[in-house]
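On the provided structure of chain A, position chain B as indicated by the hints.
Chain by chain, the residues run as shown.
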Amino acid sequence: EVQLVESGGDLVQPGRSLRLSCAASGFNFGDYAMAWVRQAPGEGLEWVGFIRSKQYGGTTEYAASVKGRFIISRDDSKSIAYLQMDSLKTEDTAVYYCTKSCGGDCYLYKSWGRGTLVTVSA
Amino acid sequence: DIVMTQSPDSLAVSLGERATINCKSSQSVFYSSNNKNQLAWYQQKPGQPPKLLIYWASTRESGVPDRFSGSGSGTNFALTISSLQAEDVAVYYCQQFYSSVVTFGQGTKLEIK
Numbered sequence: 001e002v003q004l005v006e007s008g009g010d011l012v013q014p015g016r017s018l019r020l021s022c023a024a025s026g027f028n029f030g031d032y033a034m035a036w037v038r039q040a041p042g043e044g045l046e047w048v049g050f051i052r053s054k055q056y057g058g059t060t061e062y063a064a065s066v067k068g069r070f071i072i073s074r075d076d077s078k079s080i081a082y083l084q085m086d087s088l089k090t091e092d093t094a095v096y097y098c099t100k101s102c103g104g105d106c107y108l109y110k111s112w113g114r115g116t117l118v119t120v121s122a
Numbered sequence: 001d002i003v004m005t006q007s008p009d010s011l012a013v014s015l016g017e018r019a020t021i022n023c024k025s026s027q028s029v030f031y032s033s034n035n036k037n038q039l040a041w042y043q044q045k046p047g048q049p050p051k052l053l054i055y056w057a058s059t060r061e062s063g064v065p066d067r068f069s070g071s072g073s074g075t076n077f078a079l080t081i082s083s084l085q086a087e088d089v090a091v092y093y094c095q096q097f098y099s100s101v102v103t104f105g106q107g108t109k110l111e112i113k
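Residue numbers (the numbering used here), protein chains in the order written: chain A, 1 to 122; chain B, 1 to 113.
The shape of chain A in the complex, shown without the other chains:
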């Protein structure tokens, strides 16, 4: 059974940094692209970005709203995906979901974690 468990969410001041982790199990992590999707309180889903599998270069794509501030990485030896968030803004407040895609370079998100809450406030 696929399991994705996010951690690292916290209350942080604007301008500070935070790193989220997504621990994966139940599948061959290295074969799949992983993505992050966020949801502000009471709002809809917003794609944050994703990282391809090493077979597809391990390259990343980001939403314009986070490009230059957020970095997604992966450690295939530990089956963990990371979201490094720098220069945080109040509008980054959201539940952050980790998702497993349908392949190494696939943009369909078949499995989701339960999310971790990031609150950016002074």
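Take these hints with a grain of salt, some might be off.
What the hints assert, rightly or not - Facing chain A, from chain B, some residues (calculated, C-beta under 7 angstroms):
1. 31
2. 40
3. 47
4. 49
5. 50
6. 52
7. 55
8. 93
9. 97
10. 100
11. 102
12. 106
Derived by calculation from the structure, the hints in this document are not laboratory data. These numbers come from a predicted model, not from an experiment. No residue lacks a Cβ here, since even glycine has one placed at the ideal position from N, Cα and C.
Chain B alone, transformed into the frame defined by chain A:
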């Protein structure tokens, strides 16, 4: 980026009746390489993560009840629940996965009338 627009924003339907949610994309999401529309539908219940219901516009994910169906092609799509059950109360989102820059519709809140 491809803009996804859902209608209506909210919908109230009686138990046992049909519910239909529409989704329109700002450009075609038909992928000629696999001859499929790169369109998915998700269901999100309060306090839960989204759950994949439908992909390739009309393929039900494993375990999804057959009262859920998807249709459409190109830029116009629909999610239909043939006979609404109480457990179907949720927010539904469409998503295009044609582009690596994934986009979602704004969501449609489905309630019981």
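Checked hints:
no.: 1; hint: 31; result: 11 angstroms, violated
no.: 2; hint: 40; result: 6 angstroms, holds
no.: 3; hint: 47; result: 9 angstroms, violated
no.: 4; hint: 49; result: 4 angstroms, holds
no.: 5; hint: 50; result: 6 angstroms, holds
no.: 6; hint: 52; result: 5 angstroms, holds
no.: 7; hint: 55; result: 6 angstroms, holds
no.: 8; hint: 93; result: 6 angstroms, holds
no.: 9; hint: 97; result: 4 angstroms, holds
no.: 10; hint: 100; result: 5 angstroms, holds
no.: 11; hint: 102; result: 4 angstroms, holds
no.: 12; hint: 106; result: 5 angstroms, holds
Comparing the model with each earlier hint shows violations of hints 1, 3; every other hint is respected.
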